[in-house]
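Asks: Sequence:
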Amino acid sequence: HHLVLATGTWSDPGATITGITPQGNDYLVDFAGSTSTVGDLIGQSTYAMHVVYDPVTNVSNGSVQERFSATLPTRGSGTFTLAEHVSVKGDGSLLVTGYVVSGTGVFHGANGLDVFTGTTDPSGTGPSAGSYVMVFDLAG
1 HHLVLATGTW SDPGATITGI TPQGNDYLVD FAGSTSTVGD LIGQSTYAMH
51 VVYDPVTNVS NGSVQERFSA TLPTRGSGTF TLAEHVSVKG DGSLLVTGYV
101 VSGTGVFHGA NGLDVFTGTT DPSGTGPSAG SYVMVFDLAG
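In terms of the working numbering, the sequence shown has 21 at position 21, counting the first letter as 1, and numbering is strictly consecutive.
Please keep in mind that the hints were generated in silico from the structure rather than gathered at the bench. For clarity, every value in this text was computed on a predicted model and none was experimentally measured. Ideal placement from N, C-alpha and C gives every residue a C-beta, glycine not left out. A portion of the hints provided could be inaccurate.
[Said to hold, decoys possible] Distance ranges between label pairs, derived from CB positions:
1) 55 - 76: 39 to 47 angstroms
2) 109 - 55: 38 to 46 angstroms
3) 34 - 7: 19 to 27 angstroms
4) 97 - 44: 15 to 23 angstroms
5) 56 - 109: 39 to 47 angstroms
6) 25 - 74: 44 to 52 angstroms
7) 139 - 24: 40 to 48 angstroms
8) 1 - 91: 24 to 32 angstroms
9) 27 - 73: 36 to 44 angstroms
Turn these sequences into a full structure, and let the hints steer you where they fit.
Replies: Here it is, written out as structure tokens:
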């Protein structure tokens with residue numbers, strides 16, 4: 001096993017709303033989008049996000065399923081899927097945390113954790129950006 005720490009920056013051009021369902025005073029909102037990373041992990045992801053959005057406070061919390069095609073320049077390339085939790089505060093600051101659930105290539109059999117921080121348009125449809133820290137326990 002090899003522990004690899006990856007840090008860098010990420011950007012998201014803005015998600016597309018794929019569904020909105022009223023839920024009391026809040027809304028269940030579904031999004032689809034993509035993220036690019038640079039730094040120790042060079043990659044591109046696609047994601048599906050499901051959040052409960054409070055239109056009064058602009059706060060949202062929910063889950064994300066994200067799949068990356070990525071390269072660790074010192075190790076190799078592959079794909080990995082993350083199960084994540086997203087939290088966006090009313091000021092647009094965001095926190096995404098998660099873990100690796102599967103992988104191929106260099107990420108086959110890997111375990112890992114991720115933390116993405118940054119800012120976004122609280123509606124979720126504007127561009128967003130920030131920094132990331134990921135730790136991988138690579139099998140090979």
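Asks: Take the hints in turn and mark each one as holding or not.
Replies: Hint check:
no., hint, verdict
1, 55 - 76: 39 to 47 angstroms, "45 angstroms, holds"
2, 109 - 55: 38 to 46 angstroms, "43 angstroms, holds"
3, 34 - 7: 19 to 27 angstroms, "20 angstroms, holds"
4, 97 - 44: 15 to 23 angstroms, "20 angstroms, holds"
5, 56 - 109: 39 to 47 angstroms, "45 angstroms, holds"
6, 25 - 74: 44 to 52 angstroms, "49 angstroms, holds"
7, 139 - 24: 40 to 48 angstroms, "45 angstroms, holds"
8, 1 - 91: 24 to 32 angstroms, "40 angstroms, violated"
9, 27 - 73: 36 to 44 angstroms, "41 angstroms, holds"
When the structure is compared with the earlier hints, a violation turns up for hint 8 alone.
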